[in-house]
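Number of protein chains: 2
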Amino acid sequence: MHALVDGTPVETVPIDDRGLQYGHGMFETCRVINERIPLWQFHAARLSATAARLHIPLDVAAVDAEARALAGKHSDAVLKILVTAGQGRRGYRSDAVTPRRIVSVFSAPVETVDRNIGATVRLCQMRLAVQPMLAGLKHLNRLEQVLARAEWNDASVAEGLMCDVDGRLVEGTMTNLFLVRDGRIVTPDLSRCGVAGVMRRVLLELRPGIDTPIEMRDVTLEELDEADECFLTNAVIGIWPVARILDRDSARLRPGRIARSIMNALEARFGFPRSQ
Amino acid sequence: MHALVDGTPVETVPIDDRGLQYGHGMFETCRVINERIPLWQFHAARLSATAARLHIPLDVAAVDAEARALAGKHSDAVLKILVTAGQGRRGYRSDAVTPRRIVSVFSAPVETVDRNIGATVRLCQMRLAVQPMLAGLKHLNRLEQVLARAEWNDASVAEGLMCDVDGRLVEGTMTNLFLVRDGRIVTPDLSRCGVAGVMRRVLLELRPGIDTPIEMRDVTLEELDEADECFLTNAVIGIWPVARILDRDSARLRPGRIARSIMNALEARFGFPRSQ
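In order, the protein sequences belong to chains P and Y.
Each residue of the first sequence is one higher than the one before, counting from 1 in the working numbering.
Each residue of the second sequence is one higher than the one before, counting from 1 in the working numbering.
The shape of chain P in the complex, shown without the other chains (with noise of 0.2 Å):
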């Protein structure tokens, strides 16, 4: 790891930071190929976005000549963004808010799943909480992921998927979920939980690869039991499709069509890699 906090080579901050003490803050983790963000302008106009909604006034400009500098260095990394509310006192109050930046780099994800085999995943215990003011957002409030990503410990298991109190299908602990059935694509609503990732954002609006329209709403268990294809999607893995979703019955499912059309359409115009 190598990091820049406001632009200076440190690697701490101090403990009254309000991002450790309330997860007043936000993060982006990006993926840098060939020295370069392909999907930066996303990452950044995220970034404002929960910024205006956390009351913290970032300066974008800054982190993106720090998020280029540390970039430059690199030919296929990940770089992480992190940005809190800064220091504050004891408190939830916070008035006259400088913002903290936080940009580190780290070595590319080690590939766990043969997207041509496809990943197994499974479905997780905890749920997300209803909390239509938060979400969307990548905020610094992530224990619901963290307690489900405690829930295995199997190598072989690539992601959690994760359902809202009500018991909709939401999004995995650190993916979006789309699902195809009848060569329609479906991704749940983000309206009342979850995180609205750049790759999804990336899917619906850049539509790379994708020739037929992708109905936005709520998901259904049962949906994902009838699916042709499932595939789950980050900024930095890119896709991976599912093949088996553990002590699910989901029969018809296997890596198909529309993902690897859309994983060739990444790999041509961003150059994320298609498989290991």
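Read the hints as simulated data drawn from the structure, not as lab findings.
Beta carbons are placed, not taken as given, at the ideal position from N, Cα and C, and that holds for glycine.
Be aware that one or more of the hints could be misleading.
[Said to hold, decoys possible] Partial chain P-side listing against chain Y, Cβ under 7 Å, derived:
hint: 1; residue: 22
hint: 2; residue: 90
hint: 3; residue: 139
hint: 4; residue: 146
hint: 5; residue: 210
[Unchecked claim] Just some of the chain Y residues that point at chain P, by a computed CB distance under 8 Å:
hint: 6; residue: 17
hint: 7; residue: 20
hint: 8; residue: 87
hint: 9; residue: 90
hint: 10; residue: 93
hint: 11; residue: 106
hint: 12; residue: 130
hint: 13; residue: 141
hint: 14; residue: 191
Given the structure of chain P, go ahead and fit chain Y onto it with the hints provided.
Chain Y alone, transformed into the frame defined by chain P:
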């Protein structure tokens, strides 16, 4: 502020701390009175219980020693204990957790409420999400409280009350709530959301100055309007009787016999200051 991090007098933590990255941790805020923490046993019990729920193998004896060391220098102060899941790799998964203990001491709070007159409070727009798997815990995911507290800037408003997403009245941003009607005391059930405060537990279990049963159940906003007394509790302030709720017609409300009786008992038994 003076602080110990894992027993060492430093005031920074590494940026890869899971408390900062994901809010994977918890905290306690304790009143120090005459070089001691009178409610220590309750704080320590909650720390242990929360650590277990968050898969953090906490050494409570070490926290105890550090808390005593810092408290022992102060006649009136606030001690904050923050425990995180410590250093982690990137990603939600945590294994082989080595917790990090951050113990810091602050000046006693400036009294903002004259307990003879009572506090003015308001209702927050921000709602609490229903999340039974985290309910009651004083974990580090506190964005709901941060955003609720950001709703007002008027120093004459001491606290904001919060409902859950289903409209039940639950707590204040930093306090628990009690209502009195016709001599009966009620406090909201916290099995779906909310922080089970130490002072709330003191009232429920030690019953200082209390000679009637306390009901713990769901509470409606209408009950707030019809209350004879309303008071707020936390482990630093003790009790604030509520005199007025902005924009609500709570005609009967006044600082009353029961709140006064509890304040007197908390002062006699633990030394909690009862007025300015």
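Status of the hints after comparison with the structure:
Look at residue 22/P: its Cβ gets to within about 4 Å of chain Y, closer than 7 Å, so that hint holds up. Proximity of residue 90/P to chain Y holds as hinted, the smallest CB-CB distance being about 5 Å (cut-off 7 Å). At about 6 Å, the closest approach between the beta carbon of residue 139/P and any beta carbon in chain Y falls short of 7 Å, and the interface hint on this residue holds. Hint status for residue 146/P relative to chain Y: holds, with the closest Cβ pair at about 5 Å, below 7 Å.
Because the closest C-beta pair between residue 210/P and chain Y is about 28 Å apart, greater than 7 Å, the hint is violated. Interface restraint check: residue 17/Y against chain P, minimum CB-CB distance 7 Å, threshold 8 Å, status holds. A cut of 8 Å between beta carbons decides the hint on residue 20/Y: the least distance to chain P is about 4 Å, and the hint holds. With a least beta-carbon distance of about 11 Å to chain P, the hint placing residue 87/Y at the interface is violated under the 8 Å criterion.
Because the smallest distance between the Cβ of residue 90/Y and any Cβ of chain P comes to about 5 Å, under 8 Å, the interface hint for this residue holds. Interface hint status for residue 93/Y: upheld, as the beta-carbon distance to the closest one in chain P is roughly 5 Å, under 8 Å. Given the 8 Å rule on beta carbons, the hint for residue 106/Y holds: about 5 Å separates it from the nearest Cβ of chain P. At its closest, the beta carbon of residue 130/Y sits 6 Å from a beta carbon of chain P; the interface hint therefore holds under the 8 Å criterion.
Given hint, residue 141/Y at the interface with chain P, holds; its Cβ is 4 Å from that chain's nearest Cβ, closer than 8 Å. With 8 Å as the threshold, the beta carbon of residue 191/Y stays out of range of chain P, its nearest partner Cβ sitting at about 13 Å, so the hint is violated.
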